[in-house]
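S.K.: Residue numbers (the numbering used here), protein chains in the order written: chain A, 1 to 610; chain B, 1 to 610.
Among the hints, erroneous ones may be present.
Copies of the same chain are indistinguishable here, so a pair counts whether it falls within one copy or spans any two.
Unchecked claim - Calculated cross-link-like contacts (lysine-lysine; reagent style DSS-like; alpha-carbon spacing at most 25 Å):
hint, residue 1, residue 2
1, 398, 139
2, 547, 315
3, 157, 339
4, 482, 157
5, 140, 384
6, 140, 404
7, 134, 547
8, 339, 482
9, 259, 216
10, 482, 441
11, 259, 206
12, 157, 216
13, 146, 398
14, 139, 384
15, 157, 342
16, 342, 216
17, 134, 146
18, 398, 19
19, 342, 259
20, 315, 119
No lab work stands behind these hints: they were computed from the structure.
There are 2 protein chains.
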Amino acid sequence: MTASVTPAAQVAANPAAAKLADWLGRFEAALAAQDVQAALALFGDECYWRDLVAFTWNLKTVEGRDQIRDLLEARLADVKPSNFRTEEEQDATDADGITSGWFTFETAVARGRGYVRLKNGLGWTLLTTMTELKGHEEKKGRNRIKGAEHGVNPGRKTWLELRQEEQAELGYSRQPYVLIIGGGQGGIGLGARLRRLGVPTLIVDKHERPGDAWRKRYKSLCLHDPVWYDHLPYLPFPDDWPVFCPKDKIGDWLEAYTKIMELNYWSSTECQHAEQDPATGEWTVNVLREGKPVTLRPTHVVFALGMSGVPNIPKIPGQDIFKGRQEHSSQHRGGDEWKGKKVVVIGSNNSAHDICAALWENGADVTMLQRTSTHIAPSDSLMKLALGGLYSEDAVEKGMTTYKADLTFASIPFRIMHTFHIPVYEQMKKDNADFYGRLEKAGFMLDFGDDGSGLFMKYLRRGSGYYIDVGASELVANGSIKLKSRVGIESLTENGVLMKDGTELPADLVVYATGYGSMNGWVAKLVSQEVADKVGKCWGLGSDTTKDPGPWEGELRNMWKPTQVNNLWFHGGNLHQSRHYSQYLSLQLKARYEGIPTPVYGLQEVHHKG
Amino acid sequence: MTASVTPAAQVAANPAAAKLADWLGRFEAALAAQDVQAALALFGDECYWRDLVAFTWNLKTVEGRDQIRDLLEARLADVKPSNFRTEEEQDATDADGITSGWFTFETAVARGRGYVRLKNGLGWTLLTTMTELKGHEEKKGRNRIKGAEHGVNPGRKTWLELRQEEQAELGYSRQPYVLIIGGGQGGIGLGARLRRLGVPTLIVDKHERPGDAWRKRYKSLCLHDPVWYDHLPYLPFPDDWPVFCPKDKIGDWLEAYTKIMELNYWSSTECQHAEQDPATGEWTVNVLREGKPVTLRPTHVVFALGMSGVPNIPKIPGQDIFKGRQEHSSQHRGGDEWKGKKVVVIGSNNSAHDICAALWENGADVTMLQRTSTHIAPSDSLMKLALGGLYSEDAVEKGMTTYKADLTFASIPFRIMHTFHIPVYEQMKKDNADFYGRLEKAGFMLDFGDDGSGLFMKYLRRGSGYYIDVGASELVANGSIKLKSRVGIESLTENGVLMKDGTELPADLVVYATGYGSMNGWVAKLVSQEVADKVGKCWGLGSDTTKDPGPWEGELRNMWKPTQVNNLWFHGGNLHQSRHYSQYLSLQLKARYEGIPTPVYGLQEVHHKG
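Based on the sequences and whatever the hints tell you, model everything.
M.R.: Next comes the structure, spelled out in structure tokens:
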């Protein structure tokens with residue numbers, strides 16, 4: 001964001017900004033006086049305050065005046081908020097009783113940025129985020145390093161010598177403060193932020209090269225999200241980057257990014273076991289680096305192994321006698337070798353559709369087994385209706401930076417987010433009525449989420465249950481990809497899949513596009529079941545919809561925030577989330593590294609083990 | 001540049017822009033009517049028109065009404081200029097009788113952008129540049145490729161397969177249209193532009209990895225130009241990039257850039273011989289790729305081997321009997337191995353100073369032999385006085401994009417450029433009077449260019465004769481680096497250097513920091529002396545100052561524009577020039593590739609052979 005605080009004269013020029021400035025002024029005064037009652041009086045009956053680190057050292061949404069009261073009483077004396085100022089006044093709006101816009105503020109130890117929506121002049125949704133710790137700002141822009149130390153300095157070391165020294169020492173004679181397990185987009189983006197903040201960090205990844213987690217997927221894979229949504233921190237894609245980036249190209253980008261950002265990245269490194277000293281909270285992590293054992297002793301461990309956990313493979317009778325190949329979708333390499341062969345793909349989400357389409361294109365005889373209903377969102381429709389306002393060329397031209405888009409998205413409390421989405425998907429249903437009709441006629445079981453809120457809510461609640469259609473649905477509708485739905489699997493036979501209705505589907509290959517477990521499955525694998533249970537389920541909001549049991553959490557479980565196990569963190573999600581939330585995770589880690597007190601407000605309880 | 005044409009109402013809001021709009025309107029009307037006389041009447045007695053490709057298919061500055069008349073008479077019917085519009089009106093200024101600002105225009109085949117300065121309402125300096133060929137625009141922004149072809153397409157190839165196919169074929173079963181010899185910043189930046197324009201291009205470079213031309217220099221080397229000046233096309237450095245980038249870091253950036261931009265880049269490839277078919281103008285180029293001979297048949301060859309030619313090593317009696325090591329500065333690796341040893345560095349420009357300082361830091365006993373006077377520009381002073389207005393954090397904050405800065409710089413005709421620079425260096429002299437005094441007291445011979453116009457004019461005229469001081473001058477002034485000046489070299493002896501005054505300087509190492517020949521030396525080496533002579537000297541303006549003999553050329557000789565040898569081009573210079581001029585060279589090559597007629601106006605004559 002290039003904005004700076006605007007003089008009062010200009011604020012006055014936009015009446016919406018003036019209204020916000022007035023509200024913020026009164027809010028600040030109440031907070032400064034530690035007058036909680038006065039602060040609460042500024043909020044409406046329905047109100048939400050989402051805080052990302054600035055007030056709570058947590059990612060936390062409080063709902064209603066009582067919860068806001070509790071937060072203020074617990075944190076106000078410590079946080080000492082001040083200096084609330086409207087910002088980017090040209091964006092402030094006032095329509096249908098809702099006044100909204102940007103602001104900046106400070107706390108005792110940090111600077112922050114926020115977004116507020118007033119309903120009839122009273123606080124409805126409030127977002128506060130930490131942007132930087134005072135005295136620990138990134139060295140960028142005017143504060144960038146000089147590179148060449150001018151003057152003379154006998155015995156000085158060059159950039160290369162210092163870099164080589166660091167690479168030789170880190171993990172051996174000098175321990176990283178943070179160990180990131182998993183070097184995909186999540187680990188890399190977080191690593192870049194920690195690097196800028198000067199937190200000694202090591203990323204370990206089992207693959208040979210950064211980007212391999214993408215390269216090794218099925219060969220037709222392209223990103224399902226568009227380029228405007230996918231930037232990494234600090235280095236935006238060039239302006240000719242494809243809308244939907246092919247997997248190998250994004251792999252190469254991640255590899256280049258890792259080098260450009262000077263990350264300490266150990267490829268071909270398998271994490272074997274991690275154990276925490278209960279007294280100090282510090283970790284001992286055994287890894288195999290290119291086959292050689294190394295013991296790491298980081299203070300913090302971040303699991304950045306994707307938003308998914310360990311691959312799910314359902315247990316089906318006969319798996320031991322089937323003579324063909326069986327593989328999880330994460331192991332499947334593409335359609336090339338299956339020309340003229342018969343393939344059964346179990347599952348009907350993104351990977352299942354992509355894999356079926358590529359198999360069909362390569363001349364395989366392919367059947368999709370749909371087990372439960374699926375939400376289909378045509379890509380163009382999704383771009384136009386759901387993402388376009390924040391992430392598109394139109395948005396860019398209107399001055400919507402990636403950062404502002406991320407914050408705007410973050411400003412909607414999860415509790416009411418579905419109400420923003422339902423109309424979008426109703427429109428999608430209308431716009432694509434013929435398409436959906438043909439799909440259903442082919443036997444495909446469709447849904448739009450339990451409450452009609454569509455793709456993104458499904459993603460947040462359960463991380464599954466949808467396909468962003470880039471062409472495969474047409475193949476299902478017209479029968480090119482054979483569909484078997486509304487009937488269960490009885491067993492595998494020697495030569496295929498036997499359905500409960502007695503039909504047998506001959507198969508040379510069975511692909512289990514059956515998803516992944518919760519991320520704390522990695523903890524069970526690398527630490528212990530006990531610790532995994534203590535941490536509990538990751539992801540999901542507690543919305544009490546399919547695969548997202550209550551109670552209500554208000555934030556994604558365990559993601560980017562303190563967990564019930566000290567010094568154990570989870571980072572992941574799509575490129576958008578990795579980019580945006582890495583900011584808050586990096587600031588939490590930096591504060592701890594610098595010894596800044598970080599009392600966590602509202603640490604989540606664990607309601608589900610995985 | 002994000003600007004778009006501004007409505008008349010807004011133009012009127014800035015009176016300077018309104019004045020320009022009026023002038024441009026009359027200029028356009030005269031051109032449309034092919035009324036050369038009316039067009040000339042719009043220019044003052046002193047007037048310059050610099051055209052980069054748009055009107056002349058050349059880089060050409062015409063000076064005075066007679067030359068402008070000639071250009072218009074020769075090119076007007078063909079170019080059909082139209083649609084002149086002011087642009088970025090907020091930047092238009094009107095002060096001291098000079099009105100200046102940006103505009104856009106079109107020709108029959110292209111779109112362009114320009115900058116004009118009126119003196120008392122009449123044209124004083126006019127810049128016209130080609131930005132894109134109609135129908136051959138880069139696929140960027142809204143026109144970027146989709147990446148994933150949605151829908152289904154049996155037999156489709158993935159991005160990776162297509163890329164691998166191209167890499168396997170290009171140079172073997174399929175010939176590049178353009179061969180770029182030299183894969184430093186120049187070849188890489190030009191390659192990126194040609195890639196975007198869809199011109200099949202191959203870059204060959206003798207080093208093992210892109211960036212090695214930097215990596216293999218002396219280890220203390222950092223860029224002498226600041227980061228804002230050094231961006232490559234399309235992918236700006238991240239905002240924490242050091243002000244003066246260390247050589248290995250810029251090497252890694254170039255390597256990453258090459259991959260990100262999908263360049264066809266052959267490392268470890270030595271060019272052995274190139275020959276042109278006189279009938280077709282096409283080339284046969286023999287290269288050794290990783291030791292294996294390959295014959296390439298490109299239509300165009302671009303020499304991008306730096307702004308320098310073959311290293312100059314002066315002939316000195318006794319070079320055959322000296323027992324120590326002798327090396328050119330381009331071969332010198334740094335001071336590490338010379339602790340406690342005696343070193344004589346012949347030369348007193350950038351490399352000489354850097355090398356002396358690093359040797360001293362490493363504990364060598366080092367003597368600099370200054371042969372002729374040198375311009376010293378303290379780095380901070382240079383940033384503040386000369387570059388800051390266009391290339392600095394201040395400039396960025398004021399909305400000065402890299403592209404606008406480049407065009408602004410390009411808008412000053414070379415004929416009068418020194419008049420803009422002389423006051424800058426007079427200020428530098430004043431600001432650093434004490435420093436310069438101490439240097440002279442130590443015996444250092446100083447100059448500010450023949451006419452006091454300082455560093456950049458020296459760079460343009462002769463490409464040598466200066467040091468951007470980042471600390472070594474202090475070591476010269478205080479005697480840490482011993483200085484020998486005002487006395488010639490008699491010979492090398494077995495153990496050192498004998499000076500004409502009879503002193504002998506013992507030496508374990510002699511470094512020849514003695515510069516490079518003209519770039520057409522590469523042509524002599526790879527093609528023939530005859531072709532090198534036909535092309536003539538590269539670089540320099542014909543200013544009739546030291547090492548830049550007249551007659552006046554108006555543009556840098558042979559750089560980025562047609563030469564006397566068809567299909568033979570030169571590309572090079574610092575990062576700024578490589579970035580900016582690669583645009584015009586790439587458009588000239590693209591037009592030829594597409595068969596668009598490119599009649600060259602004012603092809604330079606050759607006045608010097610090298």
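S.K.: As a check of your reading, is residue 140 near residue 384 (CA-CA no more than 25 Å) within one copy, between copies, both or neither?
M.R.: Answer is between; shortest inter-copy Cα gap is 19 Å, intra-copy 35 Å.
S.K.: Could you figure out if residue 342 and residue 259 sit no more than 25 Å apart (CA to CA) within one copy, between two copies, both or neither?
M.R.: neither (43 Å within a copy, 38 Å between copies)
S.K.: How would you label the pair residue 139, residue 384 (within, between, both, or neither) given a Cα cut-off of 25 Å?
M.R.: Between copies only: 21 Å across chains, 38 Å inside a chain, cut-off 25 Å.
S.K.: Is the C-alpha distance from residue 342 to residue 216 at most 25 Å within one copy, between copies, in both cases, or in neither?
M.R.: within (23 Å within a copy, 56 Å between copies)
S.K.: 25 Å Cα cut-off: does residue 157 pair with residue 216 within a copy, between copies, both or neither?
M.R.: between (39 Å within a copy, 17 Å between copies)
S.K.: If the cutoff is 25 Å on CA atoms, where do residue 398 and residue 19 land: within, between, both or neither? Let me know, please.
M.R.: within (23 Å within a copy, 29 Å between copies)
S.K.: Quick one: residue 482 to residue 157, C-alpha cut-off 25 Å, is that within a copy, between copies, both, or neither?
M.R.: between (65 Å within a copy, 23 Å between copies)
S.K.: How would you classify residue 140 and residue 404 at a CA-CA limit of 25 Å: within, between, both, or neither?
M.R.: Classified as both; 19 Å inside a copy, 22 Å across copies.
S.K.: Using 25 Å as the alpha-carbon threshold, which applies to residue 146 and residue 398: within, between, both, or neither?
M.R.: between (35 Å within a copy, 22 Å between copies)
S.K.: Please work out whether the CA atoms of residue 398 and residue 139 approach to 25 Å or closer within one copy, between two copies, in both situations, or in neither?
M.R.: between (29 Å within a copy, 20 Å between copies)
S.K.: Given a CA cutoff of 25 Å, do residue 134 and residue 146 count as a within-copy pair, a between-copy pair, both, or neither?
M.R.: within (21 Å within a copy, 42 Å between copies)
S.K.: At most 25 Å between C-alpha atoms: does residue 134 with residue 547 qualify within a copy, between copies, both, or neither?
M.R.: neither (41 Å within a copy, 54 Å between copies)
Checked against the numbered hints given earlier, this structure breaks hints 7, 19, 20; the rest are met.
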